[in-house]
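Got two chains here, each in a separate frame; can you build the complex from them with the hints?
Here is how the chains run, residue by residue.
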Amino acid sequence: MRNDVRRLREQMKLSQSGLGEALGVSRQTVNAIENCRYDPSLPLAIAIARQFGSTVEEVFHVD
Amino acid sequence: MSTDHSDSTGRQLWSRWGNLGFALALGVVLLVTGLARGNVLLGVSGLVIMCAYAVVLEVSRRRSEAAHLLSPGARNDERQQQIGVQALAMTGSVLTMVVVIGFFWTYATDSAAAAVFGGLAALAGLTFIGSTFFFARRC
Chain E
1 MRNDVRRLRE QMKLSQSGLG EALGVSRQTV NAIENCRYDP SLPLAIAIAR QFGSTVEEVF
61 HVD
Chain B
1 MSTDHSDSTG RQLWSRWGNL GFALALGVVL LVTGLARGNV LLGVSGLVIM CAYAVVLEVS
61 RRRSEAAHLL SPGARNDERQ QQIGVQALAM TGSVLTMVVV IGFFWTYATD SAAAAVFGGL
121 AALAGLTFIG STFFFARRC
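Here the protein sequences come in this chain order: E and B.
Be aware that the first sequence starts at 1, since it is given in the working numbering, and climbs by one per residue.
Be aware that the second sequence starts at 1, since it is given in the working numbering, and climbs by one per residue.
Bound-form chain B, shown alone (with noise of 0.2 Å):
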C-alpha cells in the first residue's frame, strides 16, 4: 500500500517537474555549449528558448492533451499510447525523408558532408529493416 502511495507521489513528481528539469538541463547544456564556442547569444536563446518550452507545457498541461502527453511520467492509456507511436513514425519518417534528401543533395554537389548523411541514411534503413524483423518475430 505504501509502495503504491509512494510510486504515484513519484510519478506525480516526475510529471510535475519533470519537463521543467529536462528543459532547465537541456537549455544549460545549450548555454555551457554556446559560451565554450564563444557564442553567449547562442547559448542564452538556447537556454530561454527550453526554459520558455517548458513554461508553456507547464501551463496548458491541464488543459490540453497533447500538452499531457508531451509531459514525462504522464499516465497514458491505449489511445494515448497509440498517439505517441504515430507522432514519433511522422517524425522518424520526416527525418528519413531529410537524410535521404540531403544525401541525394550533397552527393550530387560534390559536398563533404554526403558521407555524414549517407551514414544517417543507412543507419535509418538498417534499423528499418532490423526492427521489422525483430517486431515481426515478436508480433
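Chain E extracted, bound-state conformation (with noise of 0.2 Å):
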C-alpha cells in the first residue's frame, strides 16, 4: 500500500522521531510505513491522518 507520509511529514517539517513521538510509535515504525514496508493498523492510519489534517484515504492508497 503506497502512502504519502513522507511528503506530508516533510512538508509539516518533523522528523520522523518527532512524529513517532506524536503517534506513540517509534523512529523505525515511521521509517517503515514511509517505505512501505509496513502497512498501519487503522486505528494507527486514522492517527497518522489525523496529524496531517487529512484523511486515511488521502494519506494511504490502495494499489
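Note that these hints are calculated values from the structure, not bench results.
Accuracy of the hints is not assured; some may be wrong.
[As the list claims (entries may be wrong)] Label pairs and their computed distance ranges (CB to CB):
| hint | chain 1 | residue 1 | chain 2 | residue 2 | range |
| --- | --- | --- | --- | --- | --- |
| 1 | E | C36 | B | C139 | 24 to 30 Å |
| 2 | B | T132 | E | G53 | 21 to 27 Å |
| 3 | E | D39 | B | F133 | 23 to 29 Å |
| 4 | E | I46 | B | G84 | 21 to 27 Å |
Owing to the predicted nature of the structure, the values given are computational and were not obtained by experimental measurement.
Virtual Cβ for every residue (Gly too), placed ideally from N, Cα, C.
Quick look at the structure:
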C-alpha cells in the first residue's frame, strides 16, 4: 500500500522521531511505514491522517 | 502523577537491568547444574556465554532495534509487537519441525527417545489445535 506520509511529514517539517513521538510509535516504525515495509493498523492509520489534518484515503492509497 | 513516574522508572530499571539479571540468573543455574554433574567446564561456559549475550545486547540496545526488542520491558508499538509475534511463530515452527523429524527418526531407529519426541509432537499439535479454537472464538 502506497502512502504520502513522508511528503506530508516533510511539509510539516517534522522528523521521523517527532512524528513517532506524536503518534506513540518508534522512529523505526515511521520509517517502515514511509518505505511501505509496514502497513499500519486502522487506528494508527487514522491517527496518522489526523496528524496531517487529512483523511485516511488521502494519505494511504491501495494499489 | 507520582504513580506514572514510578511506573516509568520501574520499566526503565527493568529494561536496563532485566537482561543482565535474567542472563546472570540463567548462567548461575547452568553453572550450578554443570557443577552438580561434575562438569565444571560446561557450567562455567554456560555462565560466560549468558553473560556475554547480555553484555552484547546491552551495548547494542541503543543502536539496534532488534537488540532493543530483545530487552525485557521494552516499550513496543504495534509493529514491534508484530515482529515479536512473527519471531515467536517462526521459533514455534522450527521447534515443531525439529520435534516431528526427531520423532520419525527416533521411531525409525527404534530409539527410546521416540516416546519423548512423540509426547512433544502431540503437545505441539494439541496446543496448535487448542489455540486455533481459542483465538477463533476470541478474535
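Now the hints, each set against the structure:
no. : hint                         : in the structure
1   : E:C36 <-> B:C139: 24 to 30 Å : holds, 26 Å
2   : B:T132 <-> E:G53: 21 to 27 Å : violated, 42 Å
3   : E:D39 <-> B:F133: 23 to 29 Å : holds, 28 Å
4   : E:I46 <-> B:G84: 21 to 27 Å  : holds, 23 Å
The structure does not agree with numbered hint 2 stated previously, though it agrees with all others.
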